[in-house]
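One letter stands for each residue in the lines below.
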Amino acid sequence: MSDEQSPDVLQLGRHVYPPLKIREEADPQHPESGRGDIDFEYFVYLTAFEERFNARWSPGARSYGRLNPMYYYGGTEREASLAFSLPALTVQESKQNLHQCSELARAVYGRYREWTLDSGSAAVKDFTMVGHRYFRIDFGSLIRDERAFISGFTFNINPDAGVFDFAVPTVDESFRAELHSSLAPPVNSMEPGQVFPRQIDVQLNIIFRHHYPLGFGGPNRVGLPTRWAENRNRDFPHGTGHIDVQPYMSRTAGTTTTAKTLAERIEIYNYHGDSPWMEEQILAGIAAEEARLVEELEAEVAALEAAQTEASLAAIAAAEAAERIVSEGNE
Amino acid sequence: MASLTSGIDSSLDAFASEQGYYIKFTHQPTGHSVRFPATIQSFSDIHTPEFSKMYGADAMDPTIILNSTDRKLNFSFTVLNSSLDEARYNRQCVNLLIQMLYPLLDDEGLIIASPYITIEAMNLINSATNTRGILCIVNNINYTMNLDSGIISSNKGISALNCSGKEIYPISLDINIDATAVLERDARSNSFLPRNYPSYGGQ
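Note that the protein sequences, when read in sequence, are chains E and B. Number 331 marks the last residue of the first sequence (this note's numbering); no jumps. Number 203 marks the last residue of the second sequence (this note's numbering); no jumps.
Hints listed in this document are in silico derivations from the structure and should not be mistaken for laboratory results. For each residue, glycine too, the CB sits at the ideal point set by N, CA and C. One or more of the hints may lead you astray.
[As the list claims (entries may be wrong)] Rough simulated footprint, nothing fancy, chain B against chain E, three-plus residues with beta-carbon under 8 Å:
1) 44-58
2) 70-79
3) 140-146
4) 205-216
5) 226-232
6) 235-244
Could you put together the complete structure from these sequences and hints?
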């Protein structure tokens, strides 16, 4: 969290509102490509929030006189549009807002890799696109640590709110600015020719890519077709705080949606905080990981022992053969 | 089988109950249902015939052939929250409505039943042959927070996994539904389309 946001905003945010967190993560297909560098965590003034759940139905052939065509269901997509304002009380805050917008703007561009082409006398540098960016987005109980793509970014300056004009500060103003950025005069005292807006309006479009089963029944709810498929004792799509989930959403024994690797479990734990069930999951994951390692170790030891036995038998056979040859020679 | 009613015990619910103003959604594959007070903001019911034309050699006008008629419903309603507890419960109702767009899965995770939804809304969306409403395919649900009306927030932290941070609830929330009616033929009826279809009521 940046300290350059106004203390009032930080105070309000920390006590009442959740920050918007957008964190780039590695391509699930190519985790070796790295996590990416976009890491946005900021208190924003939400001005619009809209979510669209679109079911893909395709109509089949229409025969003459039939009331309806056949409809084929293909899945349900979830998209969201999020608009927020970034106000600035100081030049520092305005700069910080611009910096954060620069971070977010890069989210809709691809990831590029630098490579060097050796063309004899001089090496030529070039870039190649390695794919799009993957994100984890968290925004309170509305977007809860979901995997998503950012499909649109709009940056607007609100001219009616004004900008921080350039002015040479007095000695007293300079002194106060040195004490803390929030005490600086509301003017651009350093950089003529730069526009520092007092308000920026941003719109983000998001396409969700859920990494858990969606629907009713499914492999996590065997024999329970009216229960929600995720089986994690939490609501979908939006969180509902301290009240219990409805019975059809509650966790049942059997398979539950879990992270596949220990790293994923720890990551989920870090996001969701302290919870007995998650602790149970972590411990189960650690136990499973330990059991797997022990199994691997035992297999290795067994293989080593087998190899050693084979080698020692071969050595004994060779020694016996040598002894036989020597004794035959002596005879 | 879940059966929820949004805004229960609120003054809005009391009025809706007295007047019978409700919109009810029933997920066909599971039987889950959710009911909202009918705070309808817009409503349209569009019946669109699909024609094909055949042209003859000596005829100026084409021969018109009616192939079928589509019925598309579009309506929006508002969900109102007056307290944190009500907002949480109403969100569970809206969550169930959104979940109805998802199908029934088998034990392998394959789709075995598509998410058909029966919608009932007083005499506006009402079956001509029974009292169960109209079977629909819901193409999309739009969820829009009216932030100008204010929000209800809670800073009480995390309760197990049910939230990953602080809660935000709008005081007013618009839900827009875009659906296509799947016209059912009543096997017991002699007429193809009943005389009272589409059953808006009135004389």
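* Which of the listed hints are not met by the structure? -> The structure conflicts with no hint, since it agrees with every one listed earlier.
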